[in-house]
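J.: These are the residues of each chain, in order.
Protein chains: 2
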Amino acid sequence: MKTINVGICGLGTVGAGVVNVMQRNVAAIAARAGREVSITHIGARRDNPACDVGSAKVSRDIFAVVNDPEVDIVIELIGGYEPALELVMQAISNGKHVVTANKALIAMHGNEIFAAAEKQGVSVLFEAAVAGGIPIIKAMREGLAANSIEWLAGIINGTGNYILTEMRDKGRQFDDVLADAQQLGYAEADPTFDVEGIDAAHKLVILASLAFAMPLNFDACFTEGISAIAPQDVVFAGELGYRIKHLGIARKTDQGVEMRVHPTLIPQRRLIANVDGVMNAVLVKGDAVGPTLYYGPGAGAEPTASSVIADVVDVVRTIDAEPSNRVPALGVAQESLSALPILSMSDINTAYYLRINVNDQPGVLSHITQILSDSGISIEAVLQKEAVQQETNVKASSRQIPIVLITDRTLESQFMAAVESIEALDAVQDSIHFIRVESLG
Amino acid sequence: MKTINVGICGLGTVGAGVVNVMQRNVAAIAARAGREVSITHIGARRDNPACDVGSAKVSRDIFAVVNDPEVDIVIELIGGYEPALELVMQAISNGKHVVTANKALIAMHGNEIFAAAEKQGVSVLFEAAVAGGIPIIKAMREGLAANSIEWLAGIINGTGNYILTEMRDKGRQFDDVLADAQQLGYAEADPTFDVEGIDAAHKLVILASLAFAMPLNFDACFTEGISAIAPQDVVFAGELGYRIKHLGIARKTDQGVEMRVHPTLIPQRRLIANVDGVMNAVLVKGDAVGPTLYYGPGAGAEPTASSVIADVVDVVRTIDAEPSNRVPALGVAQESLSALPILSMSDINTAYYLRINVNDQPGVLSHITQILSDSGISIEAVLQKEAVQQETNVKASSRQIPIVLITDRTLESQFMAAVESIEALDAVQDSIHFIRVESLG
Numbered sequence: 004m005k006t007i008n009v010g011i012c013g014l015g016t017v018g019a020g021v022v023n024v025m026q027r028n029v030a031a032i033a034a035r036a037g038r039e040v041s042i043t044h045i046g047a048r049r050d051n052p053a054c055d056v057g058s059a060k061v062s063r064d065i066f067a068v069v070n071d072p073e074v075d076i077v078i079e080l081i082g083g084y085e086p087a088l089e090l091v092m093q094a095i096s097n098g099k100h101v102v103t104a105n106k107a108l109i110a111m112h113g114n115e116i117f118a119a120a121e122k123q124g125v126s127v128l129f130e131a132a133v134a135g136g137i138p139i140i141k142a143m144r145e146g147l148a149a150n151s152i153e154w155l156a157g158i159i160n161g162t163g164n165y166i167l168t169e170m171r172d173k174g175r176q177f178d179d180v181l182a183d184a185q186q187l188g189y190a191e192a193d194p195t196f197d198v199e200g201i202d203a204a205h206k207l208v209i210l211a212s213l214a215f216a217m218p219l220n221f222d223a224c225f226t227e228g229i230s231a232i233a234p235q236d237v238v239f240a241g242e243l244g245y246r247i248k249h250l251g252i253a254r255k256t257d258q259g260v261e262m263r264v265h266p267t268l269i270p271q272r273r274l275i276a277n278v279d280g281v282m283n284a285v286l287v288k289g290d291a292v293g294p295t296l297y298y299g300p301g302a303g304a305e306p307t308a309s310s311v312i313a314d315v316v317d318v319v320r321t322i323d324a325e326p327s328n329r330v331p332a333l334g335v336a337q338e339s340l341s342a343l344p345i346l347s348m349s350d351i352n353t354a355y356y357l358r359i360n361v362n363d364q365p366g367v368l369s370h371i372t373q374i375l376s377d378s379g380i381s382i383e384a385v386l387q388k389e390a391v392q393q394e395t396n397v398k399a400s401s402r403q404i405p406i407v408l409i410t411d412r413t414l415e416s417q418f419m420a421a422v423e424s425i426e427a428l429d430a431v432q433d434s435i436h437f438i439r440v441e442s443l444g
Numbered sequence: 004m005k006t007i008n009v010g011i012c013g014l015g016t017v018g019a020g021v022v023n024v025m026q027r028n029v030a031a032i033a034a035r036a037g038r039e040v041s042i043t044h045i046g047a048r049r050d051n052p053a054c055d056v057g058s059a060k061v062s063r064d065i066f067a068v069v070n071d072p073e074v075d076i077v078i079e080l081i082g083g084y085e086p087a088l089e090l091v092m093q094a095i096s097n098g099k100h101v102v103t104a105n106k107a108l109i110a111m112h113g114n115e116i117f118a119a120a121e122k123q124g125v126s127v128l129f130e131a132a133v134a135g136g137i138p139i140i141k142a143m144r145e146g147l148a149a150n151s152i153e154w155l156a157g158i159i160n161g162t163g164n165y166i167l168t169e170m171r172d173k174g175r176q177f178d179d180v181l182a183d184a185q186q187l188g189y190a191e192a193d194p195t196f197d198v199e200g201i202d203a204a205h206k207l208v209i210l211a212s213l214a215f216a217m218p219l220n221f222d223a224c225f226t227e228g229i230s231a232i233a234p235q236d237v238v239f240a241g242e243l244g245y246r247i248k249h250l251g252i253a254r255k256t257d258q259g260v261e262m263r264v265h266p267t268l269i270p271q272r273r274l275i276a277n278v279d280g281v282m283n284a285v286l287v288k289g290d291a292v293g294p295t296l297y298y299g300p301g302a303g304a305e306p307t308a309s310s311v312i313a314d315v316v317d318v319v320r321t322i323d324a325e326p327s328n329r330v331p332a333l334g335v336a337q338e339s340l341s342a343l344p345i346l347s348m349s350d351i352n353t354a355y356y357l358r359i360n361v362n363d364q365p366g367v368l369s370h371i372t373q374i375l376s377d378s379g380i381s382i383e384a385v386l387q388k389e390a391v392q393q394e395t396n397v398k399a400s401s402r403q404i405p406i407v408l409i410t411d412r413t414l415e416s417q418f419m420a421a422v423e424s425i426e427a428l429d430a431v432q433d434s435i436h437f438i439r440v441e442s443l444g
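As they're listed, the protein sequences go chains A and B.
In this note's numbering, each residue carries its 1-based index in the first sequence increased by 3.
In this note's numbering, each residue carries its 1-based index in the second sequence increased by 3.
Just so you know, the hints here were simulated from the structure itself, not pulled from any lab data.
Beta carbons: idealized from backbone N, C-alpha and C, even for Gly.
It cannot be assumed that every hint is accurate.
As the list claims (entries may be wrong) - PhoX-like mimics (lysine-lysine), calculated; alpha carbons at most 25 Å apart, straight line:
hint: 1; chain 1: B; residue 1: Lys255; chain 2: B; residue 2: Lys288
hint: 2; chain 1: A; residue 1: Lys5; chain 2: B; residue 2: Lys122
hint: 3; chain 1: B; residue 1: Lys173; chain 2: B; residue 2: Lys388
hint: 4; chain 1: A; residue 1: Lys5; chain 2: A; residue 2: Lys60
hint: 5; chain 1: A; residue 1: Lys173; chain 2: A; residue 2: Lys388
hint: 6; chain 1: A; residue 1: Lys122; chain 2: B; residue 2: Lys5
Claimed, not checked - Sample of chain B residues at the chain A side, in silico, Cβ under 7 Å:
hint: 7; residue: Ala148
hint: 8; residue: Leu274
hint: 9; residue: Gly293
hint: 10; residue: Tyr298
hint: 11; residue: Ser327
Take these sequences, add in the hints, and give me the full structure.
T.: Here it is in structure tokens:
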């Protein structure tokens, strides 16, 4: 059988990882793909000393790879929107299969890309775009094919999880850990995508589309970062039996689909609450299987290469079959996707952790609980802490103490109205800190 | 496109689960499979009120299903070796694809079955045979295709894990928990397969063959059960920072492959150490991806049905393609399997937990540590407990106290020789309790 020729666009960290793993495990990969696979053409602005490209042709123009008639499969590893989109569309229109690790591209332009690929009868696979080396796309697209997915929740940004883990383990401040993470290379110089949840939102949107067979809809995803998490919230959460994780959550309800990335309190007995450091994990609840969890490294050269090459093997296995014999990008054909309504945050149901700094005077807690009760919000737990007295001579009434509450599940719009009423109390001077709570049970 | 007809042999708990899930999610399953899938023929000795078989033909002779020319895919759910083997071989020779949940059958007769299937150009899939609803077979066969698997470790028997979890959480005795588990339906009337590790060994052998591309070799798997675990071992392990789990472990070394099922101490900070109750999990270490873990329900009607139907969807997707377009049973063609040597237990390397009941007299610990040191075995941790004084008037020399040690990694034959020497000491009257220790790092 003809050897399958692979072209790579982009020879950064992941590109070098793909070259190295392909070389190291060449025989096993050929056995699993059913035929020889060879990297024949690499497009990169510069060489990368982290790998030896062997006999592969190297072009400085990445478009030379997608226009090379000898190349059967194009691996896109340049990242970003442009020229990645143009490159992928050109590869498809040239009849080449595409494997990409580019979550931003898929989240933003996946609909256009998948439609073009289906029309052309080629595959676009993207296992490496979500949760690095974890084969979560394959699990959801094929492994759980029998299920209606009810919800999923993922720790899908390693940088954010590293920061939250350090804050908990060492009682450190967010800014402080972030600066260290930047020095260690775990966080970018501009950490916005990671700490504000944009990277996680890209990945969540992809998982939600796979879960619910719906088109990608990045703009509808709610995103809240972790920069406002205070060390005392981490401590109070722990005292109440919870851990704070930055989760991407997608849930199908009768009203529509929730898609949201935000810090979340999770009961510490849940397995996913114990996923620490830069590791990723995705918890998926199917109607037949129940809860399943997938854990592993969310980034890195070889973990990402592992996913990229698995996609290549998948493409090769059916490369001479009919397009109908290949699993579609989102598990179902384009015509079977349906654009489900995405809920706005005011319409979601969840529970809440609140930290309210109040003047230490009688009756405050009772005023607060009265407001919540009037709003139909039940309280699950209360933690009232002693004031940390900073001056010896302050009057009791001017001392600030934190009241910490965990509510039952409620509609977010209702909760926000209650927060506004509480903030209007005389004894409440700061704005209220709240973090959503999910039981994931 | 022609509807694909599925026949089911066996309508017990899992069979009813398959019927129910197929009915409930029929549209989604068709979308994922790329065409309609219909259960047309069921072979079962008796009806099962847990499901409504609709318009499917029902035969009391299960062979009527595999000999039905209208059936494209046979789902074997009768369990055991015979007539399951004859049924599956007959289905293959009739040119039908087979999906089975039968771990005993695959572990014992997989080589013969897979060879026949390859020759006939049909698929035999068995996701449900290992770890119930967790798509671990697909993850290893396809998701990790780029990797050389270095080792794997799995909690792959829910009954055993439930018993160990109860022993830890409630300080209970093995026999006591087992009796309860039998009443709750978590354990069989004859619990041998579960508590002696035979069921786990069936599954481990399948995972090891997938991991290392080698023929199935059940007879070479070492199996040790959990019935000798004492509550005090659970407590001492906890004090040393470990949890006891019944693991199936497969590891590739330069000398050969380790395949062993036994109770194991694992550091409690590992995610897999926190997999409790009837849940299953498999930790897989690939050379490219690093560690990945897969968690979910290891048994039950619908979790098992989830895996069975995922296999059906896989078969349907490529049912009109060439056999070379289908992923082989063990990920590679029969000719690419190699019969690697399986190590005997005396040749494996691991660490050990020892509990030695000694007479409370001076110098015993020093004698024991001297023997270990002379055998080249380092000690990682020591826990010397006070005697629990049962009589007020016993002489110090006749009081028994437990000495608990954790060793460094060593060759098992060397360790066993040291144990023999320690048991020969005057102060040591009982036989030594030991449990293997794995860091899984």
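J.: Does each hint hold? Answer for all of them.
T.: Hint-by-hint comparison with the structure:
Between B/Lys255 and B/Lys288 the alpha-carbon distance is near 11 Å, which keeps this suggested pair within the 25 Å criterion. Only pairs whose Cα atoms come within 25 Å are accepted, and A/Lys5 paired with B/Lys122 is accepted, the gap being roughly 22 Å. Taking the CA atoms of B/Lys173 and B/Lys388, the gap is near 21 Å; set against the 25 Å cutoff, the hint holds. The hinted pair formed by A/Lys5 and A/Lys60 meets the criterion: a straight-line CA distance of about 19 Å does not exceed 25 Å.
This hinted pair checks out: A/Lys173 and A/Lys388 have alpha carbons roughly 21 Å apart, not beyond 25 Å. Of the pairs offered as hints, the one joining A/Lys122 and B/Lys5 holds, with about 22 Å between alpha carbons and a cut-off of 25 Å not exceeded. Taking 7 Å as the C-beta contact cut-off toward chain A, the hint placing B/Ala148 at the interface holds, the least distance being around 4 Å. Given the 7 Å rule on beta carbons, the hint for B/Leu274 holds: about 6 Å separates it from the nearest Cβ of chain A.
Satisfaction of the interface hint for B/Gly293 is found here, the shortest Cβ-Cβ separation to chain A being roughly 5 Å, below the 7 Å cut-off. Using the Cβ-Cβ criterion of 7 Å, the hint placing B/Tyr298 at the interface with chain A is satisfied: the shortest such distance is roughly 4 Å. Taking 7 Å as the C-beta cut-off, the interface hint given for B/Ser327 holds, the closest approach to chain A being about 6 Å.
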